[in-house]
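K.L.:
Given these sequences and hints, build the entire structure.
There are 4 protein chains.
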Amino acid sequence: MTNKKIKAAVNGYGIIGKRVADAIKLQPDMELVGVADVESDYRVKAAVVLGLPIYASLPEKSNEMKDAGIPIAGNLDDLLKQIDIIVDCTPKGIGAKNLELYKKAGVKVIYQGDEKHSLTGHSFVAQANYETALGLDATRVVSCNTTSTVRTLTALRNADLLKKARGVLIRRATDPWESDHSGIMNTVVPEPHIPSHQGPDAQTVVPELDVITMAVKASHTQTHNHYWVVELTHDASRDEVLAAFNAASRIAFIRMSDGIVALNSTIELMKDLGRPRGDMWEVALWEDVLTVNGNEVYYTYQVYNEAIVVPESIDAICALIGTVKDGSESIRITDEVIGMRKEFLYE
Amino acid sequence: MTNKKIKAAVNGYGIIGKRVADAIKLQPDMELVGVADVESDYRVKAAVVLGLPIYASLPEKSNEMKDAGIPIAGNLDDLLKQIDIIVDCTPKGIGAKNLELYKKAGVKVIYQGDEKHSLTGHSFVAQANYETALGLDATRVVSCNTTSTVRTLTALRNADLLKKARGVLIRRATDPWESDHSGIMNTVVPEPHIPSHQGPDAQTVVPELDVITMAVKASHTQTHNHYWVVELTHDASRDEVLAAFNAASRIAFIRMSDGIVALNSTIELMKDLGRPRGDMWEVALWEDVLTVNGNEVYYTYQVYNEAIVVPESIDAICALIGTVKDGSESIRITDEVIGMRKEFLYE
Amino acid sequence: MTNKKIKAAVNGYGIIGKRVADAIKLQPDMELVGVADVESDYRVKAAVVLGLPIYASLPEKSNEMKDAGIPIAGNLDDLLKQIDIIVDCTPKGIGAKNLELYKKAGVKVIYQGDEKHSLTGHSFVAQANYETALGLDATRVVSCNTTSTVRTLTALRNADLLKKARGVLIRRATDPWESDHSGIMNTVVPEPHIPSHQGPDAQTVVPELDVITMAVKASHTQTHNHYWVVELTHDASRDEVLAAFNAASRIAFIRMSDGIVALNSTIELMKDLGRPRGDMWEVALWEDVLTVNGNEVYYTYQVYNEAIVVPESIDAICALIGTVKDGSESIRITDEVIGMRKEFLYE
Amino acid sequence: MTNKKIKAAVNGYGIIGKRVADAIKLQPDMELVGVADVESDYRVKAAVVLGLPIYASLPEKSNEMKDAGIPIAGNLDDLLKQIDIIVDCTPKGIGAKNLELYKKAGVKVIYQGDEKHSLTGHSFVAQANYETALGLDATRVVSCNTTSTVRTLTALRNADLLKKARGVLIRRATDPWESDHSGIMNTVVPEPHIPSHQGPDAQTVVPELDVITMAVKASHTQTHNHYWVVELTHDASRDEVLAAFNAASRIAFIRMSDGIVALNSTIELMKDLGRPRGDMWEVALWEDVLTVNGNEVYYTYQVYNEAIVVPESIDAICALIGTVKDGSESIRITDEVIGMRKEFLYE
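Chains as they are written, first to last, in my numbering: chain S, 354 to 700; chain Y, 354 to 700; chain R, 354 to 700; chain U, 354 to 700.
Simulated from the structure, these hints should not be mistaken for lab results.
There could be a bad hint or two in this list.
Copies of one chain are not kept apart here, so a pair can be met inside one copy or by any two copies together.
Stated by the list, open to error - Keeping only pairs whose Cα atoms sit at most 30 Å apart, straight-line, the calculated BS3-like set for lysine-lysine is:
#, residue 1, residue 2
1, LYS695, LYS378
2, LYS414, LYS695
3, LYS445, LYS378
4, LYS419, LYS695
5, LYS456, LYS469
6, LYS457, LYS357
7, LYS419, LYS434
8, LYS358, LYS516
9, LYS457, LYS378
P.N.:
Have a look at this one:
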């Protein structure tokens, strides 16, 4: 690590963008130069209250934002001139259009999972392939569901346990702040195709995975719930499987017997632990539900979709800039700074 | 079939009981002698509006019911004297206590899936084991989830396709009329144990099934959604698998491309088709989502938990009384009378 | 009433349209010549199963519908040639565009509440202004919320009790079949303006009403709930107010003490009563919650938004065609045919 | 204010208790000696992670808690010996039983709104009656709904605007962490009696209020929504009414036009502002929805039920101990410490 701080910014101050901005501010070796957006609503006004320098992502939005009382520090162009790297958290499809702009400005970029793998040619999960991202100009942090899939299946694979994995992903329907579009009510909406995209997406990070996923939206707004049937390389004990998960980073156990009986239990727990925005960055795996049956293991875990990719985004910055060469070292530093928990979430 | 009608009654006029009562009334060879209950609320008052003879399940409730304006035809004892068979749809655990009463009165009994297999020693799904119930004094129609599991896995087994099946059952949280207890809100509640009870329960009907189930409650009130990963005996074509389901009774296809995109789509469809109470007795399987991959098949279907066991209960009456010796003949008659659909739900 | 049946049709086979079609079929003096729509999904396919003649609302949709296997009897033009009157239940704004078409074909038309009052110059609630619609070429049946407001406030007004009324309307968020758009989740969405449009809309039917409404969407899909604070012309007794509601048609009492404790209680009750599609056409008013305090009365009732305007639409047909001159006679016939309940919903 | 810190504790580490504990820790003139509870689940384990001294509320629970790995500092008796005042946040009815215990130990006590007014003979809302609580041994901070009612109606009363107020309270159904009991699904549940208890409860604080409330539970878990029709003492301008609210503490404006369009908007906003647990202590009143019509004003606001009484509880401690004699001074200090916002929530 050099003495000079990495100059970073966020484009798109939404669900992911605002969390990445928070996390960058916490890192001792990084500086958040600014955030760019196009809106003039309470979200951007809250960023003003927090004292963040605001830029207009699109020059044509600049006046509208000023008129709404938002002090604009400049346009995206002005922001790009001051930074080494940008985390693009704009809505699906917008990010791809920005790539030329970033390239021309000589700024490295981290995309999120909504963009295609082909945009950057590299997809990133710190625990699985940090080193392959070192020095690249661009990478893509895969989506929340894929990140959790790669974290957990990599844990089993590192312990030579994984043969093949079949998962059912029960997704939240829309974000908790949404009140107008995309909400579903009193129903379950299966995805129209099997397999769902998360399996192939995990293979963009670890091509060797034999993984098939099926996805469905349920009538709740916070966090995903995964169920897995995994065929192991051999008959294994329950302890062996638990040890494999325990050895991995960013997976933490929870227990039904401690009152963590549903997705909303950990949401309360995160508030109780004083987490910023109530975020859970860990994959929370029910230790006392996991069952081994010969060469099969069945388990379920929870994915806090709004936050799980935030530490990965920080590691991706480190990898692209190259300040830390070793993935486990980057993970260790990131996790310590934000307060990630190990082993159990609340013990 | 003899000329004499089967004299039947229902004990417990709740979600299942009232539907079984409706179905008995429709059968040309059955007579609904009465329904017994303990409540005095709108549900029993609606039965009065419909003209059903009401009996008090417990003598001590008789006066309370009379005071509420419900014309009581007698107590359960009086009802038992007039009938050949009773369908016990009382809440979990109550039914077991009634068994001695039924035996003493020389009345045959059909229990529902809330009671244990050991109570009757026989569990029933018409498509799988009708003939083994012929002439018995008692059987148990298994629960909605188990019924659908047996129907679908038996279909694959009859086509020599089934090796092993692993299912994730996304259950509705509570009944649509409930407004006070057992509701869950904006969450998903995983069952605390894997495997869930439905797999072993299916084996009470077809012991040879290699089936593991995992269950979870989601935040909706109507119908269950199942996801299955089934290992086949050999690499099969999609058409082969579809043909196996099509050959079975009480499984009907639906299609995403026809706008059946979620659990609430078929709920609207049932109303559109003029079904009583909006009931769907068929397992509704998404034909255009089912995917075959070598020797694995992945599929999802919907189970209308309030209604799916109703035709099974009618068949169970036929089997115990012995009026129809052949299961497929009983199914044919029952299905024709209530208007079960074949192949596609709406074509 | 003449011997010749009224030849009627429905344009737009959606939530309201399909119910109006059902109701027309039941009327002895009406004939449903056909229904027109533009979709090819399960809803139209269900109409085919029911044997309804289907027409293409737009000629350019005809081939698409045929390709989907829907037997098209013709286009809207062909339908208009055969009928006396059409009930336009197309989505908001579409109906207005159809008016010229209807006029040119010499066909009378009933619009629904989504269209503006100015389109027809007449808005209709049978209990309030049937006679003013006699012989008109077009009228508009006001929306579900407005219909219930007019029914209840007219009841108080007819008893010389009404001075002014202030209502809070807790609306369902979207229709039960919707799974994609307009759903809200785990929230309440206040309308951005007070007063909401229902107050002025009620005045298009009864201009003398002193009524202000405020509206809010809650996180449920079925039926609206209204709360009213009404200032009476004088201090009145509870019995006096109840008698006023009882004297009116299409208002029926329910009671908390009978287990009708929430909006979903009556939804179950309607199924129990065997109502088609589980419909409730009555305003269901909680008799044991209504409270009188000096010259103020407070009460709450439920509005089944999918069905409440159906009997009004039938009456509107009678009024425009002029077969029945007297509103209360039309109401009596319509109500008897569909099975509307008086006084109590379930006694 | 003396140099000696007020020694305070919390009994019942639930939704309110844990927030009061957090707030006490922030106050420079208070010391949180410990928290008492009876559970051994994740909530208490999280308090251990935070480093709070834990006491067993009931001695017989002590061993169970120790066995679960919770380091118990003693029983409630031990805690009472060390403190000046306790905030009792135990479930409804439990607190009343504790009163003798507190008296015997010479410890002052703050109860919450679940307990009856008669228990303490004094009910508290800082803005309305701080001074009357000075030096008392016990008071009761009224419930969230009542607190908001008193805050807003007192604001109008202080500006000589209030004549009478009629409110409809749309309540959240259960707490966000609940997954088992009391949840309602896809419905609205009206309270069985009008008026609801909140009106009379507000009169325990300000007896002069002419206020009637009606309450209903809707299908969401976070925050209440109130609608009010208020008759003013005279025809007033909109600015006059807004000025009255603005002059009051703990009421802050929000605007639809800033994207605050629903209850879940502010929940997101609180996270964006970095609020602990995402709490909103202010009554959030929609400035651009409020409408004045002659001598009537109509408005709607949001009540964050889990947090709104927290600052009142802190003020109640100050009043009972008597460290601050003036209510507005206590409010000023409390609000500054926790970061309450004035005028607008996000500007």
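K.L.:
Against which earlier hints does the structure fall short, listed by number upward?
P.N.:
8
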